[in-house]
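Student: Assembly of the complex is requested from the two constituent chains, each provided in isolation within its own frame, with the hints serving as guidance.
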Amino acid sequence: KAGVTQTPRYLIKTRGQQVTLSCSPISGHRSVSWYQQTPGQGLQFLFEYFSETQRNKGNFPGRFSGRQFSNSRSEMNVSTLELGDSALYLCASSRGRSSYNEQFFGPGTRLTVL
Amino acid sequence: AQKITQTQPGMFVQEKEAVTLDCTYDTSDQSYGLFWYKQPSSGEMIFLIYQGSYDEQNATEGRYSLNFQKARKSANLVISASQLGDSAMYFCALPAGGTSYGKLTFGQGTILTVHP
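Those sequence lines, one after another, are chains A and B.
For the first sequence, my numbering assigns the number 128 to the initial residue and increments by one for each residue that follows.
For the second sequence, my numbering assigns the number 26 to the initial residue and increments by one for each residue that follows.
Hints in this document: simulated from the structure, not taken from any laboratory.
One or more of the hints may lead you astray.
Stated by the list, open to error - Calculated lysine-lysine pairs in the DSSO-like style (CA-CA distance at most 30 Å, straight line):
#: 1; chain 1: B; residue 1: K28; chain 2: B; residue 2: K98
#: 2; chain 1: B; residue 1: K95; chain 2: A; residue 2: K184
#: 3; chain 1: B; residue 1: K41; chain 2: B; residue 2: K95
#: 4; chain 1: B; residue 1: K98; chain 2: A; residue 2: K184
#: 5; chain 1: A; residue 1: K184; chain 2: A; residue 2: K140
#: 6; chain 1: A; residue 1: K184; chain 2: B; residue 2: K41
#: 7; chain 1: B; residue 1: K41; chain 2: B; residue 2: K98
#: 8; chain 1: B; residue 1: K95; chain 2: B; residue 2: K28
Unchecked claim - Partial selection, computed: residues in chain A whose CB lies under 7 Å from chain B:
#: 9; residue: I139
#: 10; residue: S158
#: 11; residue: S160
#: 12; residue: F172
#: 13; residue: N183
From a predicted model like this one, the values you see are computed outputs, not experimental measurements.
The C-beta atom is built at its ideal place from N, Cα and C for all residues, glycine as well.
Bound conformation, chain B alone (with noise of 0.2 Å):
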């Protein structure tokens, strides 16, 4: 069975600093992905990144960038120069793969705070 885990259930950070969100996920499929979202308190799912198990590349998508280490199962995201709408809820997720259709397994989440 498919795993996430995010083992920071709250951080912090100064306004334009940087900021690793842990997440480290279980999955016996040797082809993947890893999704990383952002959920403010209004409640939408916000889709911010994507990493391919067979990505050559750490995935960057603006200030956001996976630091993908495979033989560690681990898939952190930074956010580089953090701004005050930052603060929310990030979610790790692992697709299930296969013909298991739709199906996200979501970690625990980390609640990010960005103080002025």
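Here chain A stands alone, though its shape is the one from the complex (with noise of 0.2 Å):
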């Protein structure tokens, strides 16, 4: 079975800039969620995806937006890019039926924004 996949793995934007990042999760799995990763700040939860609607979402700003389609595949889009937005973006795929399922994270993608 293919595992999470995340694309691009590697994006490089300047500040004001918008970025589109996609995440596709593991066959059957209906949940997707996204995190960021930063050195100062850990892993922090930005939102969660289940059968095309947001269930839960983190403490961002408006900024920060997801959607996900009907065949699961999710996108997250960053607007106005500052320079603190620089991380690793990481996607997470479950069956999504209970709080406790199992995620499974995709390779990320690394945005630096100058």
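Tutor: Here it is in structure tokens:
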């Protein structure tokens, strides 16, 4: 069974630009969660989607948004990039029926904002 | 609010020896679960093991086992027969639970270095 895939793996943007990251979950998984990982703040939850609906959201500004498609693939968008948005963005998929379902992570997208 | 604490920023172990990585947690939920993940330098988070709060036995997956002490709110990961490939960052994580779907609260992580 193929794992979680994320594209692109690396991205360099400048301040003020916007970026879209993509995540394809494990086949049969309907839940996709997104996390931001930085050296200073560690791993922080952004949001979770299940069957094209956002079920949960972390404490991030509105510049961070996402969506999920009917095939469970998910995209995350960050508008008006700031230097502090430089981070590793990880997505994770799970069956999503319970908050205790195991989450399987992708390799991440490393975003650098200059 | 839920909290996970990993007090060991870094640990060193000799190859083939066992090592314990500490994790304490705080939750008001009666039913909960705990995950451990491994993050190599490549960045991908690899699921290692899961412990449910009502599981009667400590979880075991190959060389990984959990020393789960519910009363002390600790869920320490034991890696037996360490290998060089075990060198990585290790995270303990607590699901938010209930209807807070998809949210894991992570500890600060422990960097494990395995020496030959």
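Student: All hints, please: hold or fail.
Tutor: We went through each hint and held it up to the structure:
With a C-alpha separation of about 11 Å, the suggested pairing of K28/B with K98/B holds against the 30 Å cut-off. A threshold of 30 Å between alpha carbons decides the hint, and for K95/B with K184/A the separation of about 29 Å falls inside it, so the pair holds. A C-alpha spacing of about 29 Å is found between K41/B and K95/B, which places the hinted pair at or below 30 Å, so the restraint holds. With a C-alpha separation of about 27 Å, the suggested pair K98/B and K184/A falls inside the 30 Å cut-off, and the hint holds.
Restraint check for K184/A and K140/A: the C-alpha separation of about 25 Å stays at or below 30 Å, so the hint holds. The hinted pair formed by K184/A and K41/B fails the criterion: a straight-line CA distance of about 42 Å is larger than 30 Å. Proximity of K41/B to K98/B is assessed by CA-CA distance (about 29 Å); at most 30 Å being required, the pair is judged to hold. Proposed proximity of K95/B and K28/B is supported: the alpha carbons are some 15 Å apart, at most 30 Å.
For the restraint placing I139/A at the interface with chain B, the shortest Cβ-Cβ distance is roughly 16 Å, beyond the 7 Å limit, so the hint is violated. The interface hint given for S158/A is met, as the beta carbon of that residue sits about 6 Å from the closest beta carbon of chain B, less than 7 Å. Annotation: S160/A was flagged as interfacial toward chain B, and the flag holds, the nearest CB pair being 4 Å apart, inside 7 Å. Here the hint on F172/A is kept, as its CB sits about 5 Å from the closest CB of chain B, short of 7 Å.
The criterion of a C-beta within 7 Å of any C-beta in chain B is met by N183/A, whose closest approach is roughly 5 Å, and the hint holds.
In this structure, the earlier hints numbered 6, 9 are contradicted, and the remaining ones agree with it.
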